[in-house]
Amino acid sequence: MEITVSVNGTGYSRVVEPRLLLIHFLRDELGLTGSHWGCDTSNCGACVVWLDETPVKSCTVLAAMADGHRVLTVEGLERDGELDPIQQAFAECHGLQCGFCTPGMMLTSRWLLDHCPDPSPAQIREALSGQICRCTGYENIVRSVRWAAEHEAAARRDDDDDSQDVPE
Amino acid sequence: MCPSDSQLSAAASRRRAEPARVTATAPEPPGGAYGPVRRKEDARFVRGKGTFIDDIQLPGMLHGAVLRSPLAHARIVSIDTAAASAHPMVEAVITGDTLAGRGLAWMPTLSQDVQAVLATDKVRFQGQEVAFVVAQDRYSARDALELINVDYEPLPVVVDATRALDPQAPVIRDDLPGRTDNHIFDWEAGDAAATDAVFASADVVVTGDMLYPRSHPAPLETCGAVARMDKTTGKLTVWSTTQAPHAHRTLYALVAGLPEHKIRIISPDIGGGFGNKVPIYPGYICAIVGSMVTGRPVKWVEDRSENLMSTSFARDYHMHGEIAATRDGRILGLRARVLADHGAFNGAAQPTKFPAGFFHIFTGSYDLRAAHCEVTGVYTNKAPGGVAYSCSFRITEAVYLVERMVDLLAAELDLDPAELRMKNLLRPEQFPYTCPTGWEYDSGDYPRALRLAMEIAGYPELRREQAGKRERGEYMGIGVSFFTEGVGAGPRKHMDILGLGMADGADLRVHPTGKAVLGISCQTQGQGHETTFAQIVAAELGLSPDDIEVVHGDTDRTPFGLGTYGSRSTAVSGAAAAIAARKVRDRARIVASAMLEVSPSDLEWLNGRWQVRGDPEQARTIGEIAMAAHSGLELPEGVEGHIDASTVYNPPNLTYPFGAYICVTDVDAGTGEVRIRRFIAVDDCGVRINPMIVEGQVHGGLADGVGMALMQVIAFDAEGNCLGGSFMDYLLPTSVECPSWELGETVTPSPHHPIGAKGIGESATVGSPAAVVNSVLDALRPFGVRHADMPLTPANVWSAIQGRPLRTDLAIT
Numbered sequence: 001m002e003i004t005v006s007v008n009g010t011g012y013s014r015v016v017e018p019r020l021l022l023i024h025f026l027r028d029e030l031g032l033t034g035s036h037w038g039c040d041t042s043n044c045g046a047c048v049v050w051l052d053e054t055p056v057k058s059c060t061v062l063a064a065m066a067d068g069h070r071v072l073t074v075e076g077l078e079r080d081g082e083l084d085p086i087q088q089a090f091a092e093c094h095g096l097q098c099g100f101c102t103p104g105m106m107l108t109s110r111w112l113l114d115h116c117p118d119p120s121p122a123q124i125r126e127a128l129s130g131q132i133c134r135c136t137g138y139e140n141i142v143r144s145v146r147w148a149a150e151h152e153a154a155a156r157r158d159d160d161d162d163s164q165d166v167p168e
Numbered sequence: 169m170c171p172s173d174s175q176l177s178a179a180a181s182r183r184r185a186e187p188a189r190v191t192a193t194a195p196e197p198p199g200g201a202y203g204p205v206r207r208k209e210d211a212r213f214v215r216g217k218g219t220f221i222d223d224i225q226l227p228g229m230l231h232g233a234v235l236r237s238p239l240a241h242a243r244i245v246s247i248d249t250a251a252a253s254a255h256p257m258v259e260a261v262i263t264g265d266t267l268a269g270r271g272l273a274w275m276p277t278l279s280q281d282v283q284a285v286l287a288t289d290k291v292r293f294q295g296q297e298v299a300f301v302v303a304q305d306r307y308s309a310r311d312a313l314e315l316i317n318v319d320y321e322p323l324p325v326v327v328d329a330t331r332a333l334d335p336q337a338p339v340i341r342d343d344l345p346g347r348t349d350n351h352i353f354d355w356e357a358g359d360a361a362a363t364d365a366v367f368a369s370a371d372v373v374v375t376g377d378m379l380y381p382r383s384h385p386a387p388l389e390t391c392g393a394v395a396r397m398d399k400t401t402g403k404l405t406v407w408s409t410t411q412a413p414h415a416h417r418t419l420y421a422l423v424a425g426l427p428e429h430k431i432r433i434i435s436p437d438i439g440g441g442f443g444n445k446v447p448i449y450p451g452y453i454c455a456i457v458g459s460m461v462t463g464r465p466v467k468w469v470e471d472r473s474e475n476l477m478s479t480s481f482a483r484d485y486h487m488h489g490e491i492a493a494t495r496d497g498r499i500l501g502l503r504a505r506v507l508a509d510h511g512a513f514n515g516a517a518q519p520t521k522f523p524a525g526f527f528h529i530f531t532g533s534y535d536l537r538a539a540h541c542e543v544t545g546v547y548t549n550k551a552p553g554g555v556a557y558s559c560s561f562r563i564t565e566a567v568y569l570v571e572r573m574v575d576l577l578a579a580e581l582d583l584d585p586a587e588l589r590m591k592n593l594l595r596p597e598q599f600p601y602t603c604p605t606g607w608e609y610d611s612g613d614y615p616r617a618l619r620l621a622m623e624i625a626g627y628p629e630l631r632r633e634q635a636g637k638r639e640r641g642e643y644m645g646i647g648v649s650f651f652t653e654g655v656g657a658g659p660r661k662h663m664d665i666l667g668l669g670m671a672d673g674a675d676l677r678v679h680p681t682g683k684a685v686l687g688i689s690c691q692t693q694g695q696g697h698e699t700t701f702a703q704i705v706a707a708e709l710g711l712s713p714d715d716i717e718v719v720h721g722d723t724d725r726t727p728f729g730l731g732t733y734g735s736r737s738t739a740v741s742g743a744a745a746a747i748a749a750r751k752v753r754d755r756a757r758i759v760a761s762a763m764l765e766v767s768p769s770d771l772e773w774l775n776g777r778w779q780v781r782g783d784p785e786q787a788r789t790i791g792e793i794a795m796a797a798h799s800g801l802e803l804p805e806g807v808e809g810h811i812d813a814s815t816v817y818n819p820p821n822l823t824y825p826f827g828a829y830i831c832v833t834d835v836d837a838g839t840g841e842v843r844i845r846r847f848i849a850v851d852d853c854g855v856r857i858n859p860m861i862v863e864g865q866v867h868g869g870l871a872d873g874v875g876m877a878l879m880q881v882i883a884f885d886a887e888g889n890c891l892g893g894s895f896m897d898y899l900l901p902t903s904v905e906c907p908s909w910e911l912g913e914t915v916t917p918s919p920h921h922p923i924g925a926k927g928i929g930e931s932a933t934v935g936s937p938a939a940v941v942n943s944v945l946d947a948l949r950p951f952g953v954r955h956a957d958m959p960l961t962p963a964n965v966w967s968a969i970q971g972r973p974l975r976t977d978l979a980i981t
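Residue numbers (the working numbering), protein chains in the order written: chain A, 1 to 168; chain B, 169 to 981.
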């Protein structure tokens, strides 16, 4: 069957098997290997991407289900050569070690910050509780999300200050 | 120097207010390059630009898949591959018979046993490799597995290690000549007679039986390989998830008869190892044979169930402990008898002379008079492995045993477990200390670490809170553990793996502009070697870590060494890197002397430069010297040019990191649910090169400890069906099961390591399970519960409260 999917803002049309999983479509058909496969049973979240506006585990979504939809992967977080604050945060706070779970963790965290700009550590832990990291013990992932929240808040304050400076 | 009590209290109160780091002594940062440098690796990982095994795509690459046994023990009557071979997308179907024709149906294990690559006679555990399909894509390869018809004749199964030596037990390894039972080895350490004498004279002897159940490292990336046999050049290149690329190369050469210089092993980015990626797995061999047969590159990546059911498990130690003491709590002696379940093939990865790994470093951190341990290894119809999962070659099991025994003794004597430990810890003046089984601990200040952990925890306050809660029928536990690890294997006269001495190389090339490339033999799986090792060299040469590229994980580009496991990277390769840098510095001194027209003896190394004594104006940096060494400068006699250097580091001893952990739990007696409220970890790993990375390693290990203590077990039913074959059944801790870790540190440098470092990779995994279990059992004391085995799931805790703790590793009615 032929599907058309917008991935990170670029449209792709491909003929695929109906059974093809979205994670394999992204990795094997499009060569976007930043999203990882980790468990088959939607427990680990290494494969999390956004389908339209929602994080999904792409090992349990068929590529066909993404037909006509938008997908955001880790490769789409960086804009115009500038890392998303959540990417900066994970590097700054040592929120990753082997890096295998990191793309999924960052995409869920990005969604959390978009919907809850000032999450508490408990809210962060709850939001990430469907994903597994085997290296960090989660502590520095929580700190990373807090770091991004605080830097985004500071950036918003700067923007507000700037807009107030604009003469009428 | 020890901090004063008021300093400790101040640190402790800060700690409770805001999770941070508490330091008892600050290390001296040599050269200014040590410190929480942000990782070089992260630039690629946060962009999704890492290269993990399944990210590798080669032109014309085929995909392999393994057919596995559904039965735990069965004779293979026949294998019919005709339908699979006829599948239009299939390029090859390989069976044990195909491999036998090449002499590859069996391969040696790291414990001098053999393991079937693809079964020829019998299958011996559920999930064992039976056939291998090579197809044009990964889905077709899996489709074709369904078309292979294997006729099995089921055999009786042994999954309970305690029954493996029964006379009527079926013999699993009838492939081994003369084998009539499931016995693998008997092994002992310590002085049995002296221990008997100590026990005979003791006021108190406490015994305990405990299981350290079968667990699995479960790195988030499973194991896999991409093999490319270039028939024109005769060169075999294997990208594989290996923690030990050089050792794998040599073993492939020995097993397959390939010339070693025609084998290149590349370990790309590794999505976590934890010991799971030390052995050679049948899938790797199959991918290699697949490439030989088809003439095209072949990729094989296992799925999660394959990873959990067939690759190297951990633990599975049935332990009986006895501890002898005086009535006032002076520990005198320790005994242990262990039944070790090694699965169907003895594939434990450890120094070959030590069949129970370093389990016999089992007297822990205590000053006792005598000790003796015996370990018996047996075969069962379970997956092979045993030494994996950040276990410091089984010191994890040893620490769990002694720390549980000390708690049982405390309960017997009605003493506080922290006080009992404090009373018996080795004292700083006893180091270097030779333990009753003959190992020389290099350095330590144990009481200081325990005091700091108790201060951070607010220990007396916690005990008061607990007493109040007990009166109200609330069950709060405070668990203490103290551990000593021996890491950095190891001195080559004592330690080898299949004859390969456990020394590691480093080579350091300094380019004319003063930028350097360090080649190391170990391999990062997330530990941040590209950063830490650059810091080691930078500190020695007065460079910035940014000026040093660390090359690892490619046997054609790095010096030989045994790889990364057993917390040996910093302890062995880190030492090699420092020594290579010091050799560079020595060569640079001679060149600098020519540049400055003075004698080398007139130069001193100061502030990252060779300087004429007393004259800071007359100095040269490594960068300036490197350019001169490559220039037309007339070099002194004996200097060949360039300042590159290489070395091989043969450690004189293990290093002995240690730590004190305290876990606070709340237990719901109605449901059996355990909540970890706080976890305090004070670690001493000697000098910390990058404290940010060290703390990250501790965090991860603590989560492992929580997982093993409360959730993780690979159990089996009576037919040998694996009950932990997916993440639906094998439960790993997530962000909500883990508390916010509270860390502290003391620094006792290793006296024999060139930079005083000891290694940290496994400390928390070794030390933390006992703290969690001690905490839960402390909570359950009012119910008279003496012991319950890991994992302390709600069902197990509830059953223990009812007086019926579960056998956690078996589902046999």
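Since the hints were made in silico from the structure, they are not lab data. Only a predicted model underlies this, so the values are computations on that prediction, with no experimental measurement involved. Positions of the beta carbon are idealized from the N, C-alpha and C atoms, including for glycine. Be aware that one or more of the hints could be misleading.
[Stated by the list, open to error] What follows is a list of derived Cβ distance ranges for each label pair:
(1) 845(B) <-> 160(A): 37 to 43 Å
(2) 271(B) <-> 83(A): 50 to 56 Å
(3) 150(A) <-> 843(B): 47 to 53 Å
(4) 15(A) <-> 679(B): 46 to 52 Å
(request) Could you work out which earlier hints the structure fails to respect and list their numbers in ascending sequence? (result) Going through the list in order, the structure violates hint 3 alone and respects the others.
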